[in-house]
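Given the sequences, and given the hints that come with them, work out the whole structure.
If you want the building blocks of each chain, they are given just below.
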Amino acid sequence: MRGRILLVSVLAFTACTVLSLGPTGCGSTGSARFAFDGRAGGVTRDASQPLAFVNETGWTITLTKANVTVGPIYLNVIAPLRDEASFVPWLGVKRAFGDDDHLGGGREVGEILGQVTFDALSPALVPFPVQGTMTQEQIRTAEIWLWPPPGKAPEAVNIDTPSVDVAGVAVRGDSRVPFRGALILNDAWTTDAKPGERSAQPVTSLRKVRGIPTTFFPTEGGALEIRFDVRPLFRGADFSNLAANPADKDGTKILVQSKTGKFTTDQVMRNVFQGLRASTGTYAVRWVVP
Amino acid sequence: MSMPKMLSVMALVLAGSATYACSDDSSRGTPAPTPTADGGVDGSPGDPDGGPVAKKNGFQFTVSGEDLAINGYDFGADPKANGDPPAFVDGWEVKFEHVIVTVDKIRLNADPDKDPANPDMQGPVVASVDGPWAVDVSIGGDVLGKSGSPDEKTVTIATIDAKSDGTAFDPAQRYAFNYDVVSATASAKLVNLDAAGKALYETAKTNGWSMIYQGTATYKGAAPAVGSVFEKIPKEVKFTLGMKNPSSYINCQNTDLQEIAAGEFPRGLQASADKVTVAQITIHTDHSFWSKLNVEGTELHFDPIAARASTYGTVGAASGTVTLDDLVNVDVTGFKTKNDEVLPARSVVSDYTAPAGQLAFDSNGTSFTKANSYAAYLQYSASSGGHLNADGPCKVKNNYTP
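Residue numbers (our numbering), protein chains in the order written: chain A, 1 to 290; chain B, 1 to 402.
These are computed hints drawn from the structure, not numbers from a lab.
Values in this document were obtained by computation on a predicted structure and should not be read as measured data.
Just so it is clear, CB atoms sit at the ideal spot from N, CA and C, and this is done for glycine as well.
Incorrect hints may have been included.
[To be verified] Where chain B lies over chain A, by a calculated footprint (3+ residues, C-beta under 8 Å):
id	segment
1	73-81
2	225-237
3	260-268
4	276-283
[Said to hold, decoys possible] Computed list of lysine-lysine pairs in BS3-like fashion (alpha-carbon distance at most 30 Å, straight line):
id	chain 1	residue 1	chain 2	residue 2
5	B	K105	B	K198
6	A	K152	B	K292
7	B	K292	B	K397
8	B	K95	B	K292
9	B	K397	B	K244
10	B	K238	B	K220
11	B	K292	A	K259
12	A	K65	A	K259
13	B	K238	B	K205
14	B	K105	B	K56
15	B	K336	A	K262
16	B	K336	B	K370
17	B	K370	A	K65
18	A	K259	B	K235
19	B	K244	B	K95
20	B	K105	B	K397
21	B	K238	B	K292
22	B	K235	B	K220
23	B	K336	A	K259
24	A	K249	A	K259
25	B	K292	A	K262
26	B	K238	B	K95
27	B	K275	B	K56
28	B	K220	A	K259
29	B	K205	B	K397
30	A	K259	B	K370
31	B	K336	B	K244
[As the list claims (entries may be wrong)] Stretch by stretch, here's where chain A covers chain B in the computed footprint (C-beta under 8 Å, at least three residues):
id	segment
32	118-127
33	331-342
34	356-365
35	369-379
Here it is in C-alpha cells:
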C-alpha cells in the first residue's frame with residue numbers, strides 16, 4: 001500500500017521456536033534460570049455436570065466434547081498491546097485487546113517447547129510432556145502457540161490435525177441443532193494474497209495467540225497453569241447459520257472450514273476460530289507455587 | 001523528513017506567524033488562540049494558516065489525516081498499474097466531506113525507554129499542552145505532512161518551546177510523546193472547521209463522538225451479476241460514522257528517527273537546537289475499513305457498510321444513507337445485508353482474490369461487549385489509527401468500552 005510502512009513485528013525463528021522434546025535454553029542471561037512444569041486444562045468446575053451455557057445469540061449450548069491442543073508456550077516481558085478499559089460481565093473475565101503486528105516482539109524469557117492435548121470440559125490439568133525453562137523476570141504476557149504436531153514444520157499449510165475438536169447440542173426455542181466440528185489452522189484461514197501483496201500473512205501468524213495478559217514473577221519450584229475456557233469459542237455463534245451445512249446421518253451438523261467448494265466456512269466455525277485466538281477471555285495463565 | 005522539506009516547512013510556519021504570536025510563557029505549551037464568544041476559535045474555512053509558531057529547539061504539533069482524508073480513496077481495477085494506492089477491493093470510491101477528531105492533552109515525558117517492554121513506563125511529564133482541539137483533517141492546513149505527499153496538508157494546533165520548568169529541551173535526549181483523542185466538547189477550539197463541520201460538531205457533542213467520518217461512497221467497479229445481492233446495493237451511499245472511541249496514545253514510536261529493528265522505531269521526540277521539530281499526530285482513516293484488526297495493509301471493504309444503506313433492496317436503488325447505528329447488530333463473523341441475505345465476499349481488483357462464500361472479518365484476538373458487532377469492530381479499529389508522524393505506532397489505551 002502506498003505510503004504505508006508495514007510495521008510488522010517479526011519474531012525471529014531462532015532455536016527457541018523449533019518444537020522439540022528436550023528443554024532448550026533461550027532468552028536472556030544474567031537472571032536466575034530454572035526449569036519448571038507446565039499444565040493445561042479446562043476451567044475449574046464440577047466435572048460431574050455437563051458444560052451448558054447460554055451464549056449472546058440466545059442459544060443454550062451443551063458441549064459433549066472439547067479437545068484442545070496447545071503449544072509451544074512462551075512467556076514474555078512485553079506488556080499487553082492495549083489496556084482493558086473495564087470488565088466484560090459475560091463470563092466475568094476481563095477484556096484486553098489487540099494482538100498481532102502492532103504488538104512488539106518483546107522478549108521471551110520463558111518457554112515450554114512441547115505440546116499437550118487436554119479435555120477442556122474437564123478441570124483436570126494435563127502436564128506438558130517436557131519441562132519449560134525460565135529466566136526469572138517479571139512476566140506480563142503469555143503466548144499460546146497452536147503449532148502443528150511434532151514432525152511438521154511450523155509453516156506447513158496443509159495439515160490435518162485439529163487445534164480444537166468440539167461436539168454438542170445447541171437449542172433455541174424450537175430449534176435443536178446437534179453439531180460437531182474440528183478446527184484445523186490450515187490454509188482455510190489464510191488469505192490468497194502472496195507474500196508482499198496486500199493482506200498477505202504467513203500461516204504461522206494465525207497460529208499464535210499473543211499478548212495474553214498475565215502478571216507474575218516466577219519463582220523456582222512453581223509451575224505454569226493454563227486454564228482454557230471453551231465458552232468464548234461460541235460467544236457469538238448463531239446455529240441457525242448451519243441450516244445448509246453438511247450433516248451426519250443422525251442429523252448432526254458438521255462445522256465447515258473451507259474457502260472454496262460447495263460448503264464454505266460457516267459463521268459458527270468462524271466464532272470458534274475467533275474465540276480460540278482471542279487474547280483474553282479464553283486463556284487464563286498463572287504461576288502457582290506449591 | 002529531508003532537510004529541504006524541513007526548510008520548506010519552517011518557511012510555511014514562519015509565514016503563518018502573522019496572525020498568532022507565541023506566548024512568552026514557556027512553562028506550558030502554546031495552544032491555539034483564546035476562544036471567541038461562541039466558545040470556538042474561528043479559523044477561516046480552508047485557511048487554517050495562522051497557527052501558533054514554535055521556536056528553535058521546541059516542538060510544533062500538527063494533526064494530519066494523510067492525503068487520504070483530503071483526497072479520499074480513488075478506485076481503479078488495476079491498483080498496481082496506478083502505483084498501488086490504498087483502495088477498496090470491492091469497487092468503492094470513498095470521499096470524505098469531514099473527518100473530525102478532538103485531540104487533547106499532549107504530554108512529553110522523560111525516559112521513554114524506562115521499560116523497553118512496557119510503553120506505559122515512562123518518566124514524569126516534563127512539558128504539556130492542553131486543548132482540546134477539534135480538527136477536520138479532511139480540510140487540513142498549510143504544513144506539509146510527513147508522508148512526502150504534496151497533498152498531505154496538516155494543521156498546527158500547538159507548540160511547546162521549553163520544559164515546564166523553563167529549561168530547554170536537551171537535543172541529546174528523547175521525550176516520550178503522548179496524546180489523547182477525546183469526546184467532542186463545548187470547550188474544544190474549532191481549529192479549522194468550516195460551517196458544515198461546525199454543525200456536525202454540534203451533533204458530535206450531543207452524541208459524545210470523538211471521531212466523525214462523513215462522506216460519500218460511490219461504486220465504481222464492474223457491474224454486479226444479475227440477480228446478486230450486489231445489484232440491490234445503491235451505487236451511492238452517504239455515510240456518517242460517529243464514533244465514541246476516546247483513547248490515549250501512549251509513548252509513541254517515531255518513524256522520523258532511525259529504525260532500530262525491522263518495523264521498530266525509537267520512542268519519543270527529539271529536539272533540535274537549530275530548528276523547530278514538527279511532531280505530527282496522524283490519523284490513518286483506512287483502519288476503519290480493515291477486514292482484520294491490527295494488521296497494517298489489510299484490504300479495505302465498503303460493501304458491508306453499503307449493504308446496510310437506507311435504500312438497499314431494489315435494483316437501481318437511489319442514493320442511500322448509513323450511520324454507525326445501522327451497524328450495531330451486524331455480525332462481522334458472517335455479514336448479511338439489510339434484508340438479512342448472506343453478503344458474499346467480493347473483489348473487483350486484480351491484485352486481491354476474495355475467498356468464496358460469505359464475507360467475514362477477523363477480530364484477531366479482540367472481543368467486544370456485543371459479540372461480533374460491526375459497529376464496535378469499526379470504531380475500535382478506527383481508534384487504532386492514531387500514530388506519531390507518518391506511521392509511528394503508539395500504545396493505545398481505550399478510554400471506553402468497545
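For the pair supplied as a hint, B:K105 and B:K198, is the alpha-carbon distance within the 30 Å limit?
Cα-Cα ~22 Å, so holds.
Under 8 Å between beta-carbons, do enough residues of the segment 225-237 of chain A, three at least, approach chain B for the coverage claim to hold?
holds (count 3)
Does B:K56 sit within 30 Å of B:K105, going by the straight-line distance between their CA atoms?
holds, 22 Å
30 Å limit on alpha-carbon distance, applied to hinted pair B:K292 and A:K259
The hint holds at about 16 Å.
Tell me if chain B covers the segment 73-81 of chain A under the three-residue, 8 Å CB rule, please?
holds (count 5)
Given the hinted pair B:K336 and B:K244, is their alpha-carbon gap at most 30 Å?
holds, 24 Å
Given pair status - B:K292, A:K152, alpha carbons within 30 Å:
Distance ~27 Å between A:K152 and B:K292 Cα, so the pair holds.
Given the hint that B:K238 pairs with B:K292, does the C-alpha gap stay at or below 30 Å?
holds, 24 Å
Verify the proposed pairing of A:K259 with B:K235, using a straight-line Cα cut of 30 Å.
holds, 28 Å
Does the alpha-carbon distance linking B:K220 and A:K259 stay inside the 30 Å limit?
holds, 26 Å
Would you mind confirming whether the straight-line C-alpha gap from B:K370 to A:K65 stays at or under 30 Å?
With a Cα-Cα distance of about 26 Å, the restraint between B:K370 and A:K65 holds, given a limit of 30 Å.
With a Cβ-Cβ cutoff of 8 Å, does the segment 369-379 of chain B contain at least three residues near chain A?
holds (count 4)
Of the hints listed earlier, there is not a single one the structure fails to meet.
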